[in-house]
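Novice: Sequence:
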Amino acid sequence: MSKNLATLLGFSAILLWSSLVGLLKKLSSLLGADYAVTLMYSLSTVILLIIFKIPNLKIIPKIYLIGASLLFLVYELCFSYAIALAQTSQQAIEISLVNYLWPSLTVAMLIIFKELKFSIFVIFGLMISMCGIVVIQTGNNQFSLITLWTHFMSNPISYILALMGAILWATYCVITRKYSQGHNPIALYFVLISVVLWTKLLMTHSIDTLPNIDFEVLPYLIAVGLATALGYAAWNIGIIKGNITFLVTLSYFSPIFSTLFSMLILQTVLSLEFWHGVYLVTLGSLVCWLSTSWEQIKPRIQKIKLQF
Numbered sequence: 004m005s006k007n008l009a010t011l012l013g014f015s016a017i018l019l020w021s022s023l024v025g026l027l028k029k030l031s032s033l034l035g036a037d038y039a040v041t042l043m044y045s046l047s048t049v050i051l052l053i054i055f056k057i058p059n060l061k062i063i064p065k066i067y068l069i070g071a072s073l074l075f076l077v078y079e080l081c082f083s084y085a086i087a088l089a090q091t092s093q094q095a096i097e098i099s100l101v102n103y104l105w106p107s108l109t110v111a112m113l114i115i116f117k118e119l120k121f122s123i124f125v126i127f128g129l130m131i132s133m134c135g136i137v138v139i140q141t142g143n144n145q146f147s148l149i150t151l152w153t154h155f156m157s158n159p160i161s162y163i164l165a166l167m168g169a170i171l172w173a174t175y176c177v178i179t180r181k182y183s184q185g186h187n188p189i190a191l192y193f194v195l196i197s198v199v200l201w202t203k204l205l206m207t208h209s210i211d212t213l214p215n216i217d218f219e220v221l222p223y224l225i226a227v228g229l230a231t232a233l234g235y236a237a238w239n240i241g242i243i244k245g246n247i248t249f250l251v252t253l254s255y256f257s258p259i260f261s262t263l264f265s266m267l268i269l270q271t272v273l274s275l276e277f278w279h280g281v282y283l284v285t286l287g288s289l290v291c292w293l294s295t296s297w298e299q300i301k302p303r304i305q306k307i308k309l310q311f
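Our numbering applies: residue 4 is where the sequence shown begins, and numbers increase by one.
Possibly wrong hints are sitting among the right ones.
[Claimed, not checked] Each pair of labels, with its calculated beta carbon distance range:
| hint | residue 1 | residue 2 | range |
| --- | --- | --- | --- |
| 1 | 217 | 61 | 43 to 51 Å |
| 2 | 151 | 282 | 13 to 21 Å |
| 3 | 4 | 251 | 15 to 23 Å |
[To be verified] Below, computed lysine-lysine pairings styled on DSSO-like, alpha-carbon distance capped at 30 Å:
| hint | residue 1 | residue 2 |
| --- | --- | --- |
| 4 | 244 | 56 |
| 5 | 6 | 244 |
| 6 | 117 | 65 |
| 7 | 244 | 65 |
| 8 | 6 | 56 |
| 9 | 56 | 203 |
| 10 | 6 | 181 |
| 11 | 120 | 203 |
| 12 | 65 | 203 |
| 13 | 244 | 61 |
| 14 | 181 | 61 |
| 15 | 244 | 120 |
| 16 | 117 | 61 |
These aren't lab readings, by the way, just hints derived from the structure by calculation. Glycine included, each C-beta is placed from N, C-alpha and C at the ideal position.
Generate the whole structure from the sequences, applying the supplied hints.
Specialist: Next up, the structure:
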């Protein structure tokens, strides 16, 4: 496989993941949060087992396997239920953007784990991203702590889950980089998630209440299952065989892609102020990334200037 094709597949993963918010919210509105999340991960698990199979667990560091499995499991549950429990389509998009604080938080975690040197611009980037969340929450209103609190209290569980998810995913990324030794037991993670979800579902719901999968539900279920599974598969190919620097840069624009796809899927009109908040979340992530990557990027910029 050529490097360009692998990079294109990596980019397709970003687009696939960006569609998840809209698809999952649509599915949960048809089936309810528990059924939607359980069926989504069950289908994704089957697809990932076909693609990757269960890896040889003996060669994976045990501490990493246990720690990463728990982090990945809890993150996916936090993210999916945060979206599925959103009360409206716009709120689902808002909550997804809280989760998109993870790129900035990942840089902060890398500094905490002493994988990167501290830069004051990381703090600056985090503040920009948080300002974006505030702009989204206040909408057309002027900044007010009362407005923020009222907005948060309209659905505190979803907002808390989204923030927890962002922190957990940032931690997972750092742990994986530091201790994985190149292993990628993604199929195992999804098996664990599916087992936990089915156990929870059977303990809290009667089998008789399982919903019928009709022709209205089926397209969304297939779409969200494929987007989840194929997204991980394509990303894996992209970062191994493609241009990883280019893909990482594109991933920082995920809030924009995700908001656009969600708006189209959920047929929601977003205000100009909302988009301003989306751009601020994205800008904050880019500032964090540039602040720690500038020394690597600077020679390339100078080289480009010399060519002209």
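Novice: With reference to the structure, classify each hint as holding or not holding.
Specialist: Checked hints:
no., hint, result
1, 217 - 61: 43 to 51 Å, "44 Å, holds"
2, 151 - 282: 13 to 21 Å, "19 Å, holds"
3, 4 - 251: 15 to 23 Å, "19 Å, holds"
4, 244 - 56, "20 Å, holds"
5, 6 - 244, "6 Å, holds"
6, 117 - 65, "22 Å, holds"
7, 244 - 65, "27 Å, holds"
8, 6 - 56, "25 Å, holds"
9, 56 - 203, "25 Å, holds"
10, 6 - 181, "25 Å, holds"
11, 120 - 203, "42 Å, violated"
12, 65 - 203, "26 Å, holds"
13, 244 - 61, "25 Å, holds"
14, 181 - 61, "19 Å, holds"
15, 244 - 120, "28 Å, holds"
16, 117 - 61, "29 Å, holds"
In summary, the structure is inconsistent with hint 11 from the numbered list given earlier, while agreeing with all the others.
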